[in-house]
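With these hints in hand, go ahead and build the complete structure from the sequences.
Now for the letters of each chain:
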Amino acid sequence: MSYLSDITGGIKSLLGGMTVTGKYFFINFFTRKEVITEEYPDNMDTLKMYDRFRGEVVMWHNENNEHKCTGCSSCERACPNGAIEIIWKKEVNPETGKAKRAIDKHIYHLGMCTMCGLCIEACPTDAIEWGQDFHHTTYDRTQLTKVLNKPGSKVISGTKE
Amino acid sequence: MIILSNFSNIHQWLLGLIQNAVATRVVELTIIALAYLAAFALIGLLLVLAERRIAAFFQLRLGPNRVGPWGLFQTVADALKLVSKELTGTVKADKFLYGLAPYFVIITALVSMSIIPFSKEVQVFDINIGIFFFISVSSLGVIGIFLAGWSSNNKYSLIGGMRTGIQMVSYELSVGMVVVTMVILSGTLQLSQIVALQQHTWFIFQGHVSAIIAFMVMMIASTAETNRTPFDLVEAESELGAGFHTEYSGMNFAYFFLSEFMNMFLSASIIVVLFFGGWLSPFGITAGIPFMGLFWFILKVSVVIFIFMWFRWTFPRLRIDQILTLEWKYLLPINMVNIVLMAALVWLGLTF
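Protein chains in written order, with the working numbering: chain A, 1 to 161; chain B, 1001 to 1352.
In short, the hints are calculated from the structure, not lab data.
Among the hints, erroneous ones may be present.
Distance condition first, Cα-Cα at most 25 Å in a straight line; then the derived SDA-like pairs of lysine to any residue [what the hints assert, rightly or not]:
1. A:LYS12 - B:LEU1324
2. A:LYS68 - A:GLU56
3. A:LYS12 - B:THR1325
4. A:LYS33 - B:LEU1341
In C-alpha cells, the structure reads:
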C-alpha cells in the first residue's frame, strides 16, 4: 500500500521540516541568539566588520611610521581602472651613497576603485591590504583621492621586491 | 442579536436616553457595526505585524522594530501610507467590476466575522445554522478574487484569478466535509451550542481518532482556502507578480491584503470553535469571571494562527497539479472515510 505509506511519509517529513524551523523560531523568539541582523546605526561603536570585508585599500604602517612599499608599481599596473598612481622620488642611501628609488606618494582614488583586489594580489611585499572601514561618503569628490603612505614615512629597510 | 440581550444594561440605558424602541435598536446596531469595523482593522493590523515579526524570527532576522515599542506602530504607518496613495488602475480595465472586487472580498470577511463567538457575551449573530452560514458566506470571497483577476485586464491577474478558482473551490470541499464530520459529533449547527457542548471535554478529545484526523485535514484545507503559503500560487510572486491584485494600489490593495489576514483569523476561529472549545477555559479554571472567555478565545486563535505562520515559513510552494493531487486524491478520500468513522464512533457511543 504505497498510498498509506505516502501519507505517513508525507506527514513525517512535514513535521521534520517544522521541527527545524520551529527550533530556530523559539531560540530567536526567547533569546535572539541566532539573529544575525546588525542594528547598524545603533551599534556603530561596537560594529566590527569581518576580515574578508573589502572596504578600502589601506597601507600598513608599523609604530616607527615605516611601511613595506618599495614603489615597484605592480599595483599601479595591475589596477584595471587606473585608481592607483605612484609618485616617485630618488632617495640617497647615506651609507653607500647610492641613489635608490622610493615612493613619494601612493595615491589611491577611492572613487574609481571597484574593490576587485588585483592590486593587493599583485603586491610582492604585502604592503597594501584591505581596510574594513565603509564610511566613505563625502560632500566633495576630491576627498575620495587618498594618499596611502603617511607623511614622512619610510620603507622598512631591507624590504626586497 | 444575542449581544443586545446580554448587554441589557446598556440596552436599558440607551432606551432611557432615546425613549424610542426602533431608534434605540438602530443606534445599537450602529455602535456594534463600528465596534466590529474597529476590531476588524485592529486585528488585521496586528496580524500583519505579527506575521512580519514571526517571519523575521524564523529567518534569523529581527523584523520591523523601529516604529514605536517593538515596532507596534509599523503597520499603522504602513496603512497611513496606503490610505494616502493614489488609486490607480489600468485603462482597459472593466472599471465597475474592478472597483467592486475589493469590497466583495472585504465584506464577506466582515459578514463571516459576525457569527464568530468571541465569548459568551460577545457574539453579534447567533443563528441556528451558524457554521453553515459561515461556509456559504466565506465562499463568496472567491468571487471577489475572481472579479479582480478578470477585470484587471492583465495576464498575471487573470492567471492568478483562475488559479484561485481552482484552488478555493477544491479546498472548500474539504473544509465543508470536516465541518460535516464535526457536526455529526455535535449534532447542532449553532456555534454557541457547539461551544456549550464542549463544556467538559473539547471536541478534539471527544472525537479522539476521527477528530484528530479532521483537525489535520482542516489545518491543511484552511491554509489552502486562505491562499497562504505553501498554497499561495494565486499570488505567486516569482511567477505572477502579485497575482490577482497586481493592478491594485493604495487602499484597494490594502483591502485585499487585510481580508487575507482576516480570513486567516476567521479560519483559525472556526478551528478553535470546532475543536478546542471556543471561548471555554481549559478545565473551567476561569469559569466564573466575566469576559475571560474573550481572553481564552484570542489565546487559542493566536496559537492556531501561529501554526499557520509556521507552515508558511517552513514549506515550499506547491505546483498547481500537486495542489489538486493533494486535495482530490488524498484529502477528499481521507475525509470521506473519516466521516464514516465519526458516524460509526457516534453510533456506537465510543465518543467521550
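Provide an ascending list of the numbers of those earlier hints which the structure does not satisfy. 4
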